[in-house]
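K.L.:
Spelled out from the first residue to the last, the chains are:
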Amino acid sequence: MSAINKFAEQIRPIVVSNKRVGQYHQIILNVGDVVTNCRPGNFIAINVGGESTRMILRRAFAISRVSTSGVLGGTMELIVAPHGQGSRWLCSLQEGAEIDAITPLGSAFGIPTSPVNALLVGGGYGSAPLFGLAEVLKSRGCRVDMYLGASTGSKIYAPMEGKRAVNTLRIYTEDGSMGEIGRVTAPIAQLIAEGAVDVIYSCGPMGMLSAISSIVKGSDVVHQCAVEESMACGVGICMTCVIPVADEFGVTTMKRSCIDGPVMDGSLVQWNLVGKIPEVTP
Amino acid sequence: MIDMSTTLGTAWFAHPIFTASGCASSGKELAQFINLEDIGAVVTKSVMNKARHGRPTPRMAETASGMVNSIGLQGPGIDSFLANDLPWLVENRARVIVSIAGETVEEYAVLARKLRSAPGISAVEVNISCPNVENRGLVFACDPDASRNVIDGVRRALGGELPIIAKLSPDVTDLVSIARGVIDSGADGLALINTVLAMVINIDSMRPHLAGKTGGLSGPAIKPIAVRAIYQVHSAMPKVPILGMGGVSSGRDALELILAGASGVSVGTASFGNPSAVTQIQNELQFLLEARGFTSLTQAVGYAHRIEEASTS
Ligand SMILES: Cc1cc2nc3c(=O)[nH]c(=O)nc-3n(C[C@H](O)[C@H](O)[C@H](O)COP(=O)(O)O)c2cc1C
Ligand code: FES
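Here the protein sequences line up with chains A and B, keeping their order.
Mapping of the first sequence onto my numbering: position 154 corresponds to residue 155, and the numbering continues sequentially without gaps.
Mapping of the second sequence onto my numbering: position 187 corresponds to residue 828, and the numbering continues sequentially without gaps.
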């Protein structure tokens, strides 16, 4: 048996609820016992379109939160933006619908063994897994600050109950329709200079992750980011989801974001080479 | 119990469904979902002599009932493959068909020489048809002379130790003559089909969607092309074993390829949507063969070619 995705199971969960929240849908699935192996950062790959669909590939969604309590047993929350055909299909499902899913997949955010000052940065619906992460960090005695950003207020995902797990929550929109005007990355340099942060966890568009990596560079702040690259299989067999990542010796190879990620060390991702091929052969 | 075993040249397999090259990585990744011992064989991702990054992203676009990919043969190179991936597969009791790809006739021969002494390999699939190379002129399987030269070199390097399966492209005018050429040069069997050269244009950027511009189409969309290719070649050379592939995602699809003339079937893109597809398809196929009264898989191979039976009425 291999160690890759060793907790992954192919399951048939039922949609317990499906609610619209701003521009997103909050979907709850009863996934059963697999929740015990789901960690913040992991994702779920879902078959979309039903029996006679033309869509042959699974869609990957970050696990927003899991819960083991409640009458339903293990449940999982997903925050889905109905952007493409597949996610629109998922968002159109009625309560009681059964789906085909594989989870938990991919790497998870590393949790520090002793309490640290953590900054969680989310872009758009990328903030979804950060609330589950915040709860875990809080339970380990960490200070948790969260910055969320989006182009406009309706694209911010910040549920009421999620705010309980954070010490402070600041929101930035480019059009100023919610929170402060500007980009979520703007205040980070200041925080680092003040020594107010030890670890940054980020989740959102690649441009934002790349910007945070350059701000962090030269400091001893650890940056764990969940990358986004389009995936065909989600389980490491197709090689479509690769991004250039350096190893400890500085040698860059194309790593699969589905099994070597989605959570990666931001200082090792070669952001300037994303969408290109490293010059020298490995 | 129906006999599901099959042969490709001198290689015997207990089961008829295989992974398709490039759609199971090196096998490890699928082991969480299927029992590698229970399938025909793992056909490995085409390995080249040196490590390779492949093509830039985006490398994939989903299309109606299919996908277009331009991975470009990313891989660790043959030495790392032999040191790490192959021993793992052998340890885990998987049957292994190693797929090789080269940029020159010599590279194929070098690869074959390295495989000759490696333990645990059942056959060598020679990928002369990858559409994801910089220069379309380099697709050996589009040129009868080039494809013969490659197979000739591989045959000499292997010295008859392992069966050779030549993997061909459907993107040619006369598939049968290419097939005949590689068989005459010493291939023991054929793998049909590789992906179909294709392109997707992104209507937002209004440019080709893939960074490599063109890619290979796979999945259910190409199954009828695979059935046609296998039927044509089996019809011309009924004794030549064919490993069929192209859009197989159910037992019914696999049966179609077998009736057309395939002795074994590789499953590629279907594993992306369902990592246990290979095993499921194998079980469905067995059921379908039994339901049609076959007592062995080999009876069904090429059955669609049988001569009209005399009317009984
Ligand atoms: C992502 C991807 C990678 C592939 N890589 C290889 C490869 O390395 N070598 C090869 O001979 N064929 C490769 N193929 C082709 C498949 O082995 C197979 O011939 C083709 O996809 C048709 O089968 P399918 O429709 O079941 O996928 C690849 C196909 C896909 C989709
Ligand atoms: S999505 Fe297939 S390897 Fe990552």
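Be a bit skeptical, because a hint or two may be false.
Said to hold, decoys possible - Which chain B residues stay away from chain A? Per the calculated CB distances, all over 10 angstroms, these:
(1) I643
(2) T648
(3) W653
(4) A672
(5) G695
(6) P699
(7) S706
(8) D784
(9) E802
(10) R821
(11) V837
(12) A852
(13) R893
(14) T910
(15) F913
(16) Q940
Said to hold, decoys possible - To be clear about the criterion: a stretch of chain B counts as covered by chain A if any three or more of its residues have a C-beta under 8 angstroms from a C-beta of chain A, and this derived list gives those stretches:
(17) 707 to 715
(18) 803 to 815
No wet-lab data here; the hints were simulated from the structure.
Each residue gets a CB set at the ideal place from its N, CA and C atoms; glycine is no exception.
K.L.:
Against this structure, judge whether each hint is valid.
P.N.:
How the hints compare with the structure:
1. I643: 27 angstroms, holds
2. T648: B:T648 clear of chain A: closest Cβ-Cβ about 27 angstroms, beyond 10 angstroms.
3. W653: Answer for B:W653: holds, closest chain A Cβ roughly 26 angstroms.
4. A672: Label violated. Min Cβ-Cβ 4 angstroms, cutoff 10 angstroms.
5. G695: 6 angstroms, violated
6. P699: With a cut-off of 10 angstroms, B:P699 comes too close to chain A, as the shortest Cβ separation is near 6 angstroms.
7. S706: Violated: least Cβ distance 5 angstroms, not greater than 10 angstroms.
8. D784: The claim holds: B:D784 sits with its nearest Cβ about 26 angstroms from chain A, beyond 10 angstroms.
9. E802: 29 angstroms, holds
10. R821: 33 angstroms, holds
11. V837: At about 15 angstroms from chain A, B:V837 clears the 10 angstroms cut-off, so the statement holds.
12. A852: Nearest chain A Cβ is 6 angstroms from B:A852, so the label is violated.
13. R893: 14 angstroms, holds
14. T910: Non-interface label fails for B:T910: nearest chain A Cβ at 7 angstroms, not farther than 10 angstroms.
15. F913: 4 angstroms, violated
16. Q940: It holds; B:Q940 is separated from chain A by about 31 angstroms at its closest Cβ, greater than 10 angstroms.
17. 707 to 715: holds (count 5)
18. 803 to 815: violated (count 0)
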